[in-house]
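Chains A and B supply the protein sequences, listed in that same order. Those letters in the first sequence? Residues 8 to 594, per my numbering, in order. Those letters in the second sequence? Residues 1445 to 2029, per my numbering, in order.
Source of the hints: derived by calculation from the structure; they are not laboratory data. A couple of the hints might just be wrong.
[Claimed, not checked] Listed below are several chain B residues computed to face chain A (Cβ distance under 10 Å; list not exhaustive):
#1 1517
#2 1524
#3 1527
#4 1528
#5 1534
#6 1536
#7 1542
#8 1580
#9 1592
#10 1693
#11 1713
#12 1727
#13 1906
#14 1977
C-beta: ideal position from N, C-alpha, C; glycine also.
If you want the building blocks of each chain, they are given just below.
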Amino acid sequence: MSTGPHVTPHIGASHRAEPRGGLARDLRAMGAILRLFLAERRGAFFAGAALAALTLLAGACLLALSGWFITATAIAGMSVTAALAFDVFAPSAGIRLAALTRTAARYGERLVTHDAALAVLAGLRERLFRGWAAPEAAGRLADRPARLLFRLTLDIDALDSLYLRVLVPVIAALATTLGVAFLIGLVDAHLALAFSLIVLGVGALVPLIALRAARRPSRRRAHALEVLRARAVDLVAGQTELIMTGRLAAAREGLAAADQRLAEADDALNRVETRISAGFAMAGTLLLALALLAVAALNGAGTIDAPAAALVLLLVLAAFDPFAALRRGAVELERALIAARRVAPRLAPAAAPPAIPRAMPGAGEAVRLRHIEIRREGAPLPALTDIDLAIARGERVALVGMSGAGKSTLLAAIAGEIRPARGEVAALPSVLLTQRTELFRDTLRGNLLIADPEADDERLLAALEAAGLGAVVAGLPGGLDTRLGEGGLGLSGGQARRLALARLMLAPAPLWLLDEPTEGLDGATARDVLARLGRAAGPRSLVLATHLRREADIADRLIVIAEGRVTGTRRRGDPGFAAALEALRPD
Amino acid sequence: MSLATAIRTAPGTTPASGSAVPDAARGAKAGSAAGARSLRPAIALQIAGALLWLPQAGLLALAVAGLVRGEGLADMVLPAGAFALLGVVRALLEAAGSRLAFRTARGELMRLRAAAAEALALGSPLDTRRPASGLVASALAEQAEAVVPYLSRFVPARRRATLVPLAILACVLPFSWVAALILAVAAPLIPLFMALIGWRAKAASEAQLIELGGMNAFLLDRLRGLSTIRSFGAVEATATRLRADAESLRQRTMAVLRIAFLSSAVLELFSALGVAMVAVYVGFHLLGTIGFGSWGRDFGLGEGLFILLVAPAFFEPLRELSAAWHDRAAGQAALEAIEALAGEGARIVGTDEAMPSRGGHALAVRLDHVRFRHAGQPALLFDDLSLDIAPGEHVALFAPSGAGKSSVLALVAGLVAPEGGRVSVDGEAMDAGSAARLRAPMAYIGQQPHIFAGTLRSNVSLGRADVDAGAAGRALVAARLGKVAGVRGPAPIGEGGRGLSGGEALRLALARLAATPQARLVLADEPTAHLDSGTAREVGDALIELAQGRTLIVATHDPALAARMDRVIRLDHAAQQQGVQEQGA
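With the rest of the complex left out, here is chain A (with noise of 0.2 Å):
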């Protein structure tokens, strides 16, 4: 039985869709993110690796040149003549200088690794703002809830951690390896050899299994936080529902088992981690003990003397050390892959589609269509059909009609956002208010310079007055540069879209497309705006989206859509004009 309000938690199931990756495809996407490490930073990627083997290396030279002196020093000091002819000073200055080495090594790989890693995080964030600002993925990502842009992050940092907890550590651990089974070869040759074999098989063998059994609870994990986080917002959001249906305490229940099931994929994913740590400390106890009986073997065969047996045991005690970094890894890993797949389509924008094409309209028109259809995206019915429409330059249009009729879809076609199905589009540069007003997190400035980077103060100045801002950019102490957004100035709605109309005022484009320019404001605000806007519109040709009767009463012409046609035309003067206006919502 369900516990919470939602029969089948649906969050997710694109994730679930998407056909079970194939090795090929993991590896094209990680190839795609390892390219990107190696433009941003290749010198500082592998300086990095090997800063962190110099680190380990040093460390164990530190405790097995110790052990050598310490044995050493412990059979010279039997007879007074081995002591005073001991040479101490060798010996104590490697062991100072591997202290050192792993302290400076240390500190030159946090710092590099960490330049290098955000040097990868501005390239990876650069890239991907321009994948998804390609033409048609741009439409995509609007069609999408904030959910999904949040799980965009989440995977921006999953990619972090590949560099700093896969890659390093594989690096790093490989060239320890090597590095400690070459100091082993200097005493003997066939211990080296055994030393490698053991130490890199286990090494590879325990983190390998541990990423095949990591691999469902991760994805579990990543399915089960995403609900959690949904059922989190509908319990807040949806509560007025959910207590008047009685189902509010089933949704806590709801929330719980999505947090027992998180619990459930977080304690496997916890499991293998232990195990991995556990299997890498019994794998070294056995090794040490394995090393202790051969060098005594070889100590009773005279081949080795008792120093060098003992620099061969400390140099063993740390054998898996290295690999104990890549614990996390190997846990973290899938995640990260996931993540790599989602992400590595955006990064690869050499396979965008081509413009949308769209040709300039004849002489004295600002848009013509024809016999153009939009279709959406798996849509089984047309969004637009047969549209057939053309306004001349300076004239202003209103395209009314109820929601969901295809308004804004036309706009957006108009704007060459959407590419049609069928038909052609010309149209002069045009510039798009959107029904939500979008600001930035930037200054006031940053905001306006979006529409025109060579604005000069006086220009942003005259702009933000012709809006109606004037005044209350006037009273900021900060001006221009007082930022927008948390922390910074509070707009009210009226404002915010009183600064998106100055904005709008500043771009060059000759046809503006305004969708719902005056929606969710005041009548009496609203109608300054729309006074301001018709001002400073000018000579330009608008096209409006609306339902509003105050809007549509700005236009020249009524375009009336229905259901995805032009069911009728109105201009002003015509008998029907007034009337069209009059089934508008009044405020």
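With chain A held as given, fit chain B onto it using these hints.
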């Protein structure tokens, strides 16, 4: 954990002294003190495991001493076997300890989440100071995860760092007070230097307002506004700016990290030098060059090697604590955020218990001399409000926005308690004992109905046992969503999928009502706000039709909808002083 949080909370960039922990965190810490206490068995296992290294080191040291004395392979079998056995037991103890610590910590997280969910569920939806759902989701889902590493890694590491070095010191001291002194001096210097460097790094990071998460925020912010950026042809400029900002952030972050990482370098330096000095001292002692430091008797190779082998283990817990340091700041911030969710505020009347509801006669509603103000507001919204609505009556509460229409509906539904006066439904007073039962026969339609993560049908049934798939489908058809349901099919809507238009969302709320035949009182809050006139008319038709035979209270400022009710109650500013003006319609 991401690199972003790793850097933000690297040792030294956070308030290492603990002096900057806000009060809320202290409260949350106290709340999870029980969690820390229940970690004791896990910590005991881990410490027992760590201390097993002492006999292991002893065995190894004696074995090497034996090799020097000329012992052969046969003499080594027993020590090697014992060493291996102890090692396996040590690995098992440490594994058991960390598993137990994890399970305890994860159980504590589950308890915290459930407590926060209960506090959120019982808080009044009318309280505007409540956190937004997006904030709740972040705090409760991702951020809360940081509690687990804090409890399962940092807390045990802190305890180990105080106990294990002391035990090792106690084992070294009988052999050589000099070696013990070297360790004892090196260890306390480490936290001292780390704290000094930490303060500098903290000042530097505060001065530069390092916020690595800001880079993600910038990307999301610009992606949300992508249509605008594309429309203004600012893609290239924004991408360049993104890179430049990230680059400057990298430089500023590295400036801080160069200082912050010094703290771990100090730890490395002292532990490496500590081991090196111990080794050199032991070597010179064995050579006979240095005679003092061993209580007057000379120690041999076995003792010397033992001291060398336990010296790194002396510093190991400190290194582990340093590695877990970032878990502390993140964990305490998470506890604080969860605590904030369960903050004090207005509560609903009664509990959220589900009560059975059977159909029956339409309900009467009375408000007698109700006094009410919004939580945290000085001004009264109603001083003395009385209303009397007869069973089966259709009433409009008509007023401009902000006059308190929604509050009246919330008072009737028991979603908030009045300061004074009485709310009664069907002749029974709404109080803690009766509220859940009185709410059961009510149905509610909000102006922006929430769309739950799930399918269109599951959004109608909301998991109610008495609404099966067939009933949900019929309700969708009744609310004129049949076509939308056909096109969408079982595709997810809400958080997981595409949204619905405003009109579709309202129709969905109507479908929920249609699937509730036992409702005897319908409360509708601005059902036609923000709709185009055609859709508004359709929604009004459907609402009136569905409310036949039931009491209907509609809060609205849409004159067209108000005119279709039996009675209009004006609820404007003047009415607050003089009661309410009523007019027939």
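* Asked: How about residue 1527/B: closest beta carbon in chain A under 10 Å, or not?
  -> Nearest chain A Cβ about 5 Å off; hint holds.
* Minimum Cβ distance from residue 1727/B to chain A below 10 Å? -> The hint holds - residue 1727/B has a Cβ within 10 Å of chain A, the shortest such distance being about 4 Å.
* **Restraint check, 10 Å cut-off on beta carbons, for residue 1536/B near chain A** => 7 Å, holds
* Asked: Per the CB criterion, is residue 1524/B less than 10 Å away from chain A?
  -> 4 Å, holds
* Interface hint for residue 1592/B, Cβ within 10 Å of any Cβ on chain A -> Since chain A brings a Cβ to about 7 Å from residue 1592/B, closer than 10 Å, the hint holds.
* Asked: Can we keep the residue 1713/B interface hint, with Cβ of chain A closer than 10 Å?
  -> Holds, about 4 Å.
* Asked: Holds or violated: residue 1534/B as interface residue toward chain A, Cβ cutoff 10 Å?
  -> 7 Å, holds
* **Closest C-beta approach of residue 1542/B to chain A relative to 10 Å, hint status** => 5 Å, holds
* Can the hint on residue 1693/B be confirmed by a CB-to-CB distance to chain A that is less than 10 Å? -> Holds. Min distance 8 Å.
* With a cut-off of 10 Å on the beta carbons, see whether residue 1906/B makes it to chain A. => Check passed: Cβ of residue 1906/B comes within 4 Å of chain A, closer than 10 Å.
* May I ask you to test the interface hint for residue 1977/B with respect to chain A, counting a Cβ-Cβ separation under 10 Å as satisfied? => 4 Å, holds
* Asked: Does the interface hint hold: is residue 1528/B within less than 10 Å of chain A, judged Cβ to Cβ?
  -> At about 4 Å, which falls below the 10 Å cut-off, the nearest Cβ of chain A leaves the hint on residue 1528/B intact, so it holds.
Checked against the numbered hints above, the structure violates none of them.
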